[in-house]
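Converting from the sequence shown to this note's numbering requires adding 269 to each position, the first position being numbered 1.
To be clear, the hints were calculated from the coordinates, so they are not data collected in a lab. Be aware that a few hints might be false.
As the list claims (entries may be wrong) - No farther apart than 27 Å at their CA atoms in a straight line, the calculated lysine-lysine pairs in the DSS-like style are these:
(1) LYS501 to LYS351
(2) LYS321 to LYS351
(3) LYS301 to LYS351
(4) LYS447 to LYS321
(5) LYS501 to LYS481
(6) LYS321 to LYS563
(7) LYS481 to LYS447
(8) LYS447 to LYS501
(9) LYS501 to LYS532
(10) LYS321 to LYS304
(11) LYS605 to LYS301
(12) LYS351 to LYS304
(13) LYS386 to LYS304
(14) LYS321 to LYS481
(15) LYS386 to LYS605
(16) LYS304 to LYS605
(17) LYS532 to LYS481
(18) LYS301 to LYS321
(19) LYS605 to LYS321
(20) LYS301 to LYS386
(21) LYS386 to LYS321
(22) LYS386 to LYS351
(23) LYS563 to LYS301
(24) LYS532 to LYS563
(25) LYS605 to LYS563
(26) LYS563 to LYS501
(27) LYS501 to LYS321
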Amino acid sequence: MNKRQVVRLAIEGRRVPYVPWHCNFTIEAAGKLRKHFGQDDLEQVMGNHFVKLGRDIGFFADLGNDRFRDVFGVVWDRSVDKDIGVVEGCLLPEPTLRGYDFPDPLNSRFFADIPEKLSRYADCFRVFKIGFSLYERAWTLRGMENLMMDFMDHPDFVRHLLRSIADYNIAQFTEALKYDIDAVYFGDDWGQQTGLQMGPQLWREFIFPELKRMYSPVRNAGKCVFIHSCGKVDELFDDLIDIGLNCFNPFQPEVMDVFDILKRYRGRLAFHGGLSTQRTLPYGSVEDVRNATKSLLDAGAHGGYVFAPAHAVEGDVPLENMLAFIEILHTQPGYKER
270 MNKRQVVRLA IEGRRVPYVP WHCNFTIEAA GKLRKHFGQD DLEQVMGNHF VKLGRDIGFF
330 ADLGNDRFRD VFGVVWDRSV DKDIGVVEGC LLPEPTLRGY DFPDPLNSRF FADIPEKLSR
390 YADCFRVFKI GFSLYERAWT LRGMENLMMD FMDHPDFVRH LLRSIADYNI AQFTEALKYD
450 IDAVYFGDDW GQQTGLQMGP QLWREFIFPE LKRMYSPVRN AGKCVFIHSC GKVDELFDDL
510 IDIGLNCFNP FQPEVMDVFD ILKRYRGRLA FHGGLSTQRT LPYGSVEDVR NATKSLLDAG
570 AHGGYVFAPA HAVEGDVPLE NMLAFIEILH TQPGYKER
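Work out the full structure: start from the sequences and follow the hints.
In structure tokens:
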């Protein structure tokens with residue numbers, strides 16, 4: 270049984286020969302691992318079970334001085350956060366799309382390397398990723414405070430903006446569905462540590478309809494829907510299942526009872542994540558990391574779970590802690606490194 274087949278079993282909530290995994294690392298953390306292993310291709314080193322296709326939040330032009338412009342025209346300051354950055358300025362200072370042109374969702378750069386990646390990682394579960402896929406893209410264009418006020422003051426503009434973003438995404442993943450992929454993975458942070466940023470009423474009024482519109486063609490094509498949303502958003506799980514969600518990430522243990530949720534939703538919703546990147550990985554001992562990893566693998570043995578840290582591993586995580594969970598993954602009974 271190859272990696273792709275094991276992930277499928279996990280997503281379906283069925284018993285797996287071992288718990289599959291897919292782990293991401295920030296630039297700084299990845300640098301530590303590359304130096305330790307003496308290899309550049311961490312996907313191979315890790316034995317990750319997904320092959321990531323597309324380009325998440327698009328392509329960036331280097332403007333110098335740690336500033337980068339994405340395909341939507343948003344400028345990011347990466348002087349502190351080297352991986353994504355902080356939005357600089359506001360592309361939509363007024364609640365209108367007049368004068369703004371969306372980028373081309375079918376730009377060949379999004380798809381150019383798909384055939385090569387499918388060949389190189391042929392045994393992996395194929396995931397086409399769209400980051401900042403709705404609400405996050407809206408606030409990067411309009412500004413967070415502006416968008417929050419727009420929900421109340423300019424609801425028609427918000428609906429138009431979200432629908433335009435969803436149209437962009439649908440056009441892009443429709444092209445991706447022409448390839449032999451398994452899932453479309455949307456990124457869109459709705460939560461904070463204590464609940465939804467915009468509250469459940471506004472989420473259901475504005476965001477839910479566009480999610481339903483995006484998820485439907487993916488499921489109609491026989492593919493899986495994944496969503497990444499940081500924070501405490503478990504109150505949305507039943508709504509998301511109803512419109513076709515298959516797998517949720519990052520599954521943060523600080524904000525939800527991951528073991529109870531795994532048990533309650535097995536067979537209805539799978540989870541990807543779960544190892545604490547706020548506490549255990551940066552501040553725990555090697556033994557803490559090993560114990561937490563083993564507990565998650567034990568809970569995921571019956572299916573419904575793909576192991577990962579709860580977010581991309583940050584640079585403040587000691588190398589020894591990273592190596593601890595990697596070793597546990599690779600020595601699972603039933604897993605044979607290919």
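Going through the hints against the structure:
At most 27 Å may separate the alpha-carbon atoms for a hinted pair to count; LYS501 and LYS351 meet this at roughly 25 Å. Straight-line distance between C-alpha atoms of LYS321 and LYS351 comes to about 20 Å, which keeps the hinted pair within the 27 Å bound. A threshold of 27 Å between alpha carbons decides the hint, and for LYS301 with LYS351 the separation of about 15 Å falls inside it, so the pair holds. Using a Cα cut-off of 27 Å, the hinted pair LYS447 and LYS321 holds, with the two alpha carbons roughly 16 Å apart.
Restraint check for LYS501 and LYS481: satisfied, since their Cα atoms lie roughly 21 Å apart, inside the 27 Å limit. Distance check on the hinted pair: LYS321 and LYS563 sit about 26 Å apart at the alpha-carbon level, within 27 Å; holds. This hinted pair checks out: LYS481 and LYS447 have alpha carbons roughly 21 Å apart, not beyond 27 Å. Proximity of LYS447 to LYS501 is assessed by CA-CA distance (about 34 Å); at most 27 Å being required, the pair is judged violated.
Distance hint between LYS501 and LYS532 is fulfilled; the C-alpha atoms sit about 18 Å from each other, no more than 27 Å. The hinted pair formed by LYS321 and LYS304 meets the criterion: a straight-line CA distance of about 23 Å does not exceed 27 Å. Taken as a hint, the LYS605 and LYS301 pair is honoured in the structure, with Cα atoms around 25 Å apart against an allowance of 27 Å. The straight-line distance between the Cα atoms of LYS351 and LYS304 is roughly 19 Å, inside the 27 Å bound, and the hint therefore holds.
About 24 Å separates the Cα atoms of LYS386 and LYS304, which keeps this hinted pair within 27 Å; it holds. Restraint check for LYS321 and LYS481: satisfied, since their Cα atoms lie roughly 23 Å apart, inside the 27 Å limit. For the hint linking LYS386 to LYS605, the alpha-carbon distance of about 22 Å falls within 27 Å, and the restraint holds. A hinted pair counts as satisfied when its Cα atoms are at most 27 Å apart, and LYS304 with LYS605 qualifies at roughly 25 Å.
Pair hint LYS532 plus LYS481 holds up; C-alpha atoms about 26 Å apart against a cutoff of 27 Å. Between LYS301 and LYS321 the CA atoms are separated by roughly 21 Å; this keeps the pair inside 27 Å, and the hint holds. The straight-line distance between the Cα atoms of LYS605 and LYS321 is roughly 22 Å, inside the 27 Å bound, and the hint therefore holds. Using a Cα cut-off of 27 Å, the hinted pair LYS301 and LYS386 holds, with the two alpha carbons roughly 24 Å apart.
Between LYS386 and LYS321 the alpha-carbon distance is near 8 Å, which keeps this suggested pair within the 27 Å criterion. Annotation: proposed proximity of LYS386 to LYS351 holds, straight-line Cα distance about 25 Å (limit 27 Å). Only pairs whose Cα atoms come within 27 Å are accepted, and LYS563 paired with LYS301 is accepted, the gap being roughly 23 Å. For the hint linking LYS532 to LYS563, the alpha-carbon distance of about 16 Å falls within 27 Å, and the restraint holds.
Proposed proximity of LYS605 and LYS563 is supported: the alpha carbons are some 18 Å apart, at most 27 Å. At roughly 24 Å between alpha-carbon atoms, LYS563 and LYS501 fall within 27 Å of each other, so this suggested pair holds. Under the criterion of a C-alpha separation no larger than 27 Å, the hint pairing LYS501 with LYS321 is consistent with the structure, at around 25 Å.
In terms of the numbered hints stated before, the structure departs from hint 8 and from no other.
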